[in-house]
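Asks: Listed below are the residues making up each chain.
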Amino acid sequence: MFEPILLKNINTADSHRIDVYLKNEGYKALSSALKMQPDTIIQTLKDSGLRGRGGAGFSTGLKWSFITKDPTIAKYLCCNADEGEPGTFKDRAIIEKDPHELIEGMIIACYAIGAAAAYIYIRGEFAFGANRLEEALSEAYQKGFLGKNILGSDFNCDIYVHRGAGAYICGEETALLESIEGRRGQPRIKPPFPAQVGLFGKPTVINNVETLACVPHIINKGAKWFASIGPEKSPGPKIFGVSGHVKKPGLYELPMGTTAREVIYTHAGGIRDNRKLKAFIPGGVSAPMLIEKDLDTPMDFDSLAAKGTMLGSAAVMVMDDTTCIVKVAMRTMEFFRHESCGKCTPCREGTDWTYKALRRIESRQGKNGDIELLDRLCGNIFGRTFCPLGDGAVMALRGALKNFRDEFEFHVKNKRCMV
Amino acid sequence: MGNEFVGDKPRRYITQNSELITIFIMATVKINGKEITVEDGTLILDAARQAGFEIPTFCYQARLSRLGSCRMCLVEIAGQKKLQPSCVTPVLHGMEIFTQNETVKTARASMLEFLLANHPLDCPTCDKGGECELQDLTFKYGPRQSPFAERKRRFHEKDEILSPVIVKNHNRCIHCERCVRICDEAVGAKALGGIGRGAMLKETSFLNKELDCDHCGNCIEVCPVGSFMSLPYRYKSRPWDLVETDTVCPFCATGCQLTIGTRNGSVLRVRSKIETGINKETLCARGRFGYDFIQSEKRLTKPMAKKNGRLTECSWEEAISQAKNKLSSAKKIAGIASARLTNEELYLFQKLMRNVFRTNNIDSGSRWTDKRTTDALINACNLSEGGTSIFEALKADLIFIIGSSISDENPITDYLIRTTAADKRKNLILAYPRRIKLDSSATISLKHTPGSEDIVISGILNALQNQAVKTDGSQVSESDIATIAQRMKTASTISIFLGTDSLRFANGKEMLLGIANLAKALKASGKNIKVMPLLDRCNQRGAWDMGVHPSFLPGYKKTNSDGMDCTGILEASSKGEMDAIYIIGEDIVSMYPDAKFAKEALSKAGFIIVQDMFLTETAKMADIVLPGASYAEKEGTWTNQEGRLQRLRRALQPIKAAREDLSILSSIGGFEYKSARDVFEEIRKEAPGYQDISFDSLNNTGVLVKGHGAEKQGSRGQGVKGSSETKINPSNPRTLEPSNPYLDDYPFLLITGNHLFHSGRLSQKADVLKRLLPESFVEISDKDAAALGIKEGDRVIVKGKHHEAVLRVRVKQGSLKGTAFIPENFEDVPVNCFFKKGEGIPRVKISKQ
Amino acid sequence: MNLLKKIFFIDFIKGLSLTFKYNVSRTITMRYPDEEKWLPYQRFRGLHTLNRDSQGRELCVACELCAKVCPTQCITVIPMEDVGTDLKSVPRGISDRIAKVYEINLVRCLFCGFCEDACPTTAIRMGRDYELACFTLDCAIADKKKLLTPRDIPAEFEGGFVVKAKFIRNDEGIKVKPDLSKKKRWW
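Residue numbers (my numbering), protein chains in the order written: chain L, 1 to 419; chain H, 1 to 849; chain S, 1 to 187.
The set of hints was computed from the structure by calculation and includes no laboratory data.
Some clues are possibly wrong.
With a straight-line cut-off of 30 Å between C-alpha atoms, the simulated DSS-like cross-links for lysine-lysine are [what the hints assert, rightly or not]: (1) H:K791 / H:K845; (2) L:K415 / H:K152; (3) L:K190 / H:K190; (4) H:K604 / L:K233; (5) L:K233 / L:K402; (6) H:K837 / H:K604.
Nothing here was measured: the structure is a model prediction, and the numbers come from that model.
Let's have the full structure, built from the sequences with the hints guiding it.
Replies: Structure representation (structure tokens):
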């Protein structure tokens, strides 16, 4: 049985209190990090092979190393806690149950990149989490882990909590920056990348909560230990949020590369009522769905990419054979249509009209040619949008169309649902 | 440290000594198989257009920030999986780009299909129909049918009226955000933004409420579809019905190019063309909507002569012969011409007065005090040395603006400066007592006591020369002055913009001499200095160039004997010495800064001839009134504040029996000029700066006037030179009215000038502008308002020593305490009644009604 | 045989029989304009009409496409905003935009029907009035009021008949008013 690393404290009473955290060797990593050179920390991160847990899976150490070393230029760290991907609830657990793990990781990250200020962009709906974070921050300030001259060093750091206003798009890193700056949450043009011109025009690193929570453990136990967990190319522990038609939905921290079968059947207790698995989404709704024969795929970045899907936020959504895939596709598209920021044409209009076409098929008014229309719309959106939101919407629909085209055709032809 | 990035332009580097250097690297790219070498960092779009390939766009506009959202400009780059938006992607050396292959074509068509999916096809009732970019591009690139069956999204059935001039139809919006960006980046009003998201996104005013903005209508102009529309032009015509004439805006001296659209002899709209003129598609409210004065019912349409003490209509022959007789028989005569006339008319006016009626008593404008001050301005700005392009001036490292409420007086200059100041490396220093819109872009904004500009300038001069700085009486902190001096020291090029407040205040002369000295001192330290005037009348500079000035002939040649300036003329008249005064287009009674004196003086004049478009207060006192023509009804040229000569073109014939001013002047003087072109030929001979310019080749960009070379001839105004040598003692600036007896009784200094929606009294005749600002107001600072317990919109009594008025209050956050502002434009609140000749800036008391 | 034919005037009788047959058949002389009038088919292109919708609102939105497409440029349209739309009064047109001036110069019109094709709201239709003669050139200009007046022959009325009619001659011109109830085939 894999011993949880990131979630090891969450079942402890008052785990969000700094006293409890300190008892479990809390802030030990910070004091050892402050004795290291920032470059050494970045190198350690690179050696550990930690890849971003937000979805794209970019090497964290590499991301940090892009930041200029010029001490005259202000830099920022942003923690992306805008956990908006449907089915995902891993960051929430860390924020609410173990906020100091995140804060410690952030202070180390700030030290490594030379930032004096960091922002936690937290999803607006996480009011409880935001309050927990504020409390935790004030505790950390009291204990001298934040503020001026942290732990006697000459390193200063401040962390601010910024609550979002309820937009999925603000999980996109540049839209997140716009939102922190007080503007409308819309993605920015890349290049320049945030590592060059980010928050307030300054170099900025944006990391996911889970990524930053890994940092203290890497500092404590070393890069080699971390790299030894899971597959070589994407090592480390991963929190899988399993939801849907399983017996025991919930968060399961497992090594990267655990197979989907193990996640669903061993840990989540299998499908409810022992029904048949119809499909599962491996990483949030933007990830194309997989079917039963893909159950033995290891859940890591590269293996899933080879299957044409992605690990994303590792939110595993399980659907049994009572699920209508057309309805799933419609509800997914409805979500993207609602969350499209409206900036670029293909995403704004594309998600809207794709949803309308799916609704037509679902409500038994489909016409011949509607599925071809969906194919064409996917092609017109994919790769042409400003940010990955449009691509995500299309990938989800394409996944459904690829595996369950017959079900769509049945809907159009027989004007009723297959299940 | 090595070279670091600055912004997103990889061509600019900062070296270790924090100097900015620009490195030009050329890149060779292949576009559709055609090789082209461009500067590295050029956008693919620009490179393709240079190579002669067209790429359609919606959200891209050269002067706005890059958005890259419409995705119309997608191109294929060899080796890249995704299509790239060419309007935000710079070229890289060796790139191979395809702009016309099938993939790109289908992508374009699909974008149009998406845009049209929610765009209502109400082209028949849309004002934009016929000049709509979406229409044009759909015809060129678009699909011919739509695969979508569902209802389009519809926000509303009736268009939303956002302001007295702006209508919005959200259904038609394609979200290119040009309106948002122009409002934010050029106009600086920040009045528009997005509400909602996805397909329900609306670009509109705050909370979709009525706009409280500059009402400039630039959002209408940049809108590619009919989402923003002009209310005055609404449902009046179709674009193809309009006869469009390019001409120049008459409302300030920025000299914006505009296009008048007429249908069957009536003016229906004014618009600006993209990338045309110095305004580059922007106009302000008065330029864009202030056209209806041209066909106002109040226009004078027939000549009038005074019979039995009343003005009655008469024939042209009668009026002209009477005017001619009176002017030639009078012993002592004088002439005042408006700086809104064309160069040709002004030239002819001074020729008429000087050669036919033998007098040098001519002046242009009656809004300020004496000719020594205007001479000092002419000298400080080196007007005789020819024009300086504003774009050259804006390249300076430091821009210093003093004495102008530039956002109100010269809105387009304000836009140009705002766009420039977006570059954070530039210093913009603004000195003006009121808070104005440009303050938000300024690095330093000084709020000095009105009339203490000379103290500020001598302070800067002292600081530059490392002497003690004293700013007593100006309410400016010495540290600010020191910072400004420090920044001036580090800048290598400096542009000083000098406003007309220098001509309005009693100590304007000192200020102008100070500026001249400052420029001299900075020049001596090896800096490149440009002094630019900011003028309020469209052809003020032209009037001086043409010699409508008591001591200059055309081309700033000195006259043999100086004549009287406006004040001198009025003084002589008040003594009963003036036998005849010929006034063209100038409303002396309403504009001269002492209404009572001006009225009395004119009433004692022997004979007054007024030539104007409207029956002004001055015209009511005239013996003969001659109806003149508006800017849309004449040919000619104007010289703007930069010294740029631009051509006016006739859009209509003069209203009813009114005549062009040129032909009236010709008939009075017995000249035989057939057209403005003939007069211009003569100007070319008389004013050396105009010599090389041909009337017919004047296009939309205009031509900068060259130096008049008056200095070389040794005949440049001695008065000017002499006065510049009377150096003010910089270490001992005068104190500001120390023994002013009313200081406590009248705590406010009253400043005046044009409001953003008005220019002189001319724009008062435009009904649309009157709708934007129906009544006058008094503007005070928030601190004063709090101290007096006055709220915005309250009615207050503004009491001066000589006049009082009841006005509504506007509270301006950040204005200087103890200043009150009343616009000079309103007929019912003649602000010049507060003034008394020789007293300087009037003081007033403000109390609750 | 030929002889027999000659003796009995066969050809003559044959010819006369046709004559007598027509003598008893229906007359084809149309007593136009005094008593009868030919009603053209629906495809006929006569004097234009401006139509209204079922609620009586003007269909014309003054888009000026008819004026633009007209080969002889005989149509003048000046639009305006339909301001009579306060809560009580019924809007005059189907949209905010309505024609202030709508004039067709009938002297220049060549009845090609392009305006009909260009109209996006089916507001302008070629009618079936063909008596356009008048005494002054003024009446040759059909203004909006005239074009909006309902015609004697409704659009849905099938044409191709002769009907009873009444000849009217007054200051405006001449007109033959048909009585649609009494129709007959011409032949």
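Asks: What hint numbers does the structure not satisfy?
Replies: Violated hint (a single one): 4; every other hint is consistent with the structure.
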